[in-house]
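Work the whole structure out from these sequences, hints included.
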Amino acid sequence: MAEEILLFGAWGSPFSRRVEMALKLKGIEYKYIEEDITNKSPSLLKYNPVHKKIPVLVHNGKPVAESLVILEYIDETWKDSPILSKDPYERANARFWAKFIDEKCLSAIFKACWGEEKEHEKAVEEASELLQFLENELKEKRYFGGETVGLLDIAANIIGYWLGVFEEASGAELLTREKFPKLCNWANEFVSVSAIKENLPPRDKLIAYLRNRFGVGTTSK
Amino acid sequence: MAEENKVSLHGFFASPYVRRVDLALKFKGIPYEYVEEDLKNKSSLLLKYNPVHKKVPVLVHNGKPIVESLVILEYIDETWKNGPRFLPEDPYKRAQIRFWASFVHQQVFENMVLILKTDGEAQEKTVKEVSEKLSLLEEGIKSIFPEGIPIINQENVGLLDILIVSTFGSYKAQEEVLGLKLIDPEKTSPLLFSRLKALLELHVVKGALPPHEKVVGALKFMRQNALNSASV
Numbered sequence: 001m002a003e004e005i006l007l008f009g010a011w012g013s014p015f016s017r018r019v020e021m022a023l024k025l026k027g028i029e030y031k032y033i034e035e036d037i038t039n040k041s042p043s044l045l046k047y048n049p050v051h052k053k054i055p056v057l058v059h060n061g062k063p064v065a066e067s068l069v070i071l072e073y074i075d076e077t078w079k080d081s082p083i084l085s086k087d088p089y090e091r092a093n094a095r096f097w098a099k100f101i102d103e104k105c106l107s108a109i110f111k112a113c114w115g116e117e118k119e120h121e122k123a124v125e126e127a128s129e130l131l132q133f134l135e136n137e138l139k140e141k142r143y144f145g146g147e148t149v150g151l152l153d154i155a156a157n158i159i160g161y162w163l164g165v166f167e168e169a170s171g172a173e174l175l176t177r178e179k180f181p182k183l184c185n186w187a188n189e190f191v192s193v194s195a196i197k198e199n200l201p202p203r204d205k206l207i208a209y210l211r212n213r214f215g216v217g218t219t220s221k
Numbered sequence: 001m002a003e004e005n006k007v008s009l010h011g012f013f014a015s016p017y018v019r020r021v022d023l024a025l026k027f028k029g030i031p032y033e034y035v036e037e038d039l040k041n042k043s044s045l046l047l048k049y050n051p052v053h054k055k056v057p058v059l060v061h062n063g064k065p066i067v068e069s070l071v072i073l074e075y076i077d078e079t080w081k082n083g084p085r086f087l088p089e090d091p092y093k094r095a096q097i098r099f100w101a102s103f104v105h106q107q108v109f110e111n112m113v114l115i116l117k118t119d120g121e122a123q124e125k126t127v128k129e130v131s132e133k134l135s136l137l138e139e140g141i142k143s144i145f146p147e148g149i150p151i152i153n154q155e156n157v158g159l160l161d162i163l164i165v166s167t168f169g170s171y172k173a174q175e176e177v178l179g180l181k182l183i184d185p186e187k188t189s190p191l192l193f194s195r196l197k198a199l200l201e202l203h204v205v206k207g208a209l210p211p212h213e214k215v216v217g218a219l220k221f222m223r224q225n226a227l228n229s230a231s232v
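Residue numbers (UniProt numbering), protein chains in the order written: chain G, 1 to 221; chain X, 1 to 232.
One should not assume that every hint holds.
Claimed, not checked - Covered stretches of chain G, going by a simulated chain X footprint (3 or more residues, C-beta under 8 Å):
id	segment
1	58-68
2	71-78
3	91-101
Worth flagging that the hints you see were computed from the coordinates, not collected in a lab. In this text, all values refer to a predicted model and were calculated from it rather than measured experimentally. Ideal Cβ positions, reconstructed from N, Cα and C, are used throughout, including at glycine.
Below, the structure written as C-alpha cells:
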C-alpha cells in the first residue's frame, strides 16, 4: 500500500518544525511543501479551512491540523520510537506543559523581546517566572521526556532554539545560564540530537526575517 | 483496595471547566470526593496542587494532581477504561475530535465568556464571531460523523459531547442573563442543538447541572463585576 504523507509548513515556524522533528525521529518519509504565509496556496486552504494555517499533515489524503494534535496523531499512527510515555500520569504531565508553552510562554517571550519599552522590565520578569516553572520541571532529567526526546521536548523547541534566536535578533536577555542552568543544558542537548539539528531553520536567515518583520527590538544595541 | 483509587475534584459550582471533569467522572461511574473552592479565598491545597495556574478544576488521583480540563478528560479516559470511551480507537478520528475539542475550548467558549463580560459594540462584534465559529463547528460535527451521528446514550458519550454539555448546557440561563440567543437551532446550529437536547435528557447530565436560578445568579454576578471594572 503506497503511503502518502504531505506536510504543509513554513521554514521559520517552530510549529511546522515540530512536526518535521517528530517525523524524522520516527524515520517517516514525507513530502514537504513550503507555504508562503502571505500568499496561501489553495491546497492549504482546502486542507485547513478552519484556521488556514500551517502546519497541516495530510496522510493518505486526510488532513490533520494544529501542531500538538499532529504530534499525537503521529505517535499513535507510527508506534516506533514513541514520544509519549504509556503511563497516563506522565502523558497528562507532558500535555500540560506543552499547552503551557503554547498558551503562556510564547506570548510572554514575545512581549519581552518586542514589546513596548516602558513595559520591558515587567515583561522580562513575567517571562522569567514562566521559564522558572520549566526549569523546575526539568529536574535532573536529560530531556523532558527522560532518557529520550519526547513530545514535550519537541513542543519546547521554542525554548530550545527559537528563544535564543529571538534574543539575538531583539537584544533581549532571557535564558541566561545564571538563572536557568538546567534549561540551558537541556537546550544544548536538544539541538544536538540529529533529528532535531537537521530541522532547525538557519540562524542568520531567521534573525534577518525576525528583524524585518518585528523590528530590532526594545533592547537592541 | 481502599487506597487504590482515591479521587478528589477541586472545583467551583458555576465553572464549565469543572463541569467537564465532573461529567466525565460521573459518566465513568468513578466515585470521588468533591471539594468546593472559594475562588476569592483559594485553599492552600489548591495552590499546592496547581501552583502554575492556581485554578480549578484540579483532579487528584492517589495524591497526584492533574490540571487543565482537557488534559484531565484524556487522563480519565486513559486511566479508567470501563464505561464510555471519550476518544475512539482510530488515530484519525481521535485527531479530528481533539482538533474540534480545542476549537470549542478556545474559539467558542472563550469568546462566550467575552460576550458575558462586555456590552455595546464590543459585545456585538464577539456575538458575530461566535456565530461564525458555531457555523464552522456545525460543519466540523458533520465531517466527524459523515454517516450521521449515532443516537446518544450513557455508554457512548464522547469528549465532544462533554464539551457541548459543559459549554451550552445552561443555555437558557445564558439567554436570560444576556438577553440574546447564542446557540440558534434554526440558522447556525441545528445539529449541535439537537445533540445538546439529547444530552440534556441523559440521567447523568440531569443530575450534574446546577439549578437554573443558581446559574443565572452566578452569570449575573460575573457580568456585573466585569462591566464595573471595565468602566473604572
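Hint by hint, which ones does this structure get wrong, listed from lowest number up?
As far as the earlier hints go, not one is violated by this structure.
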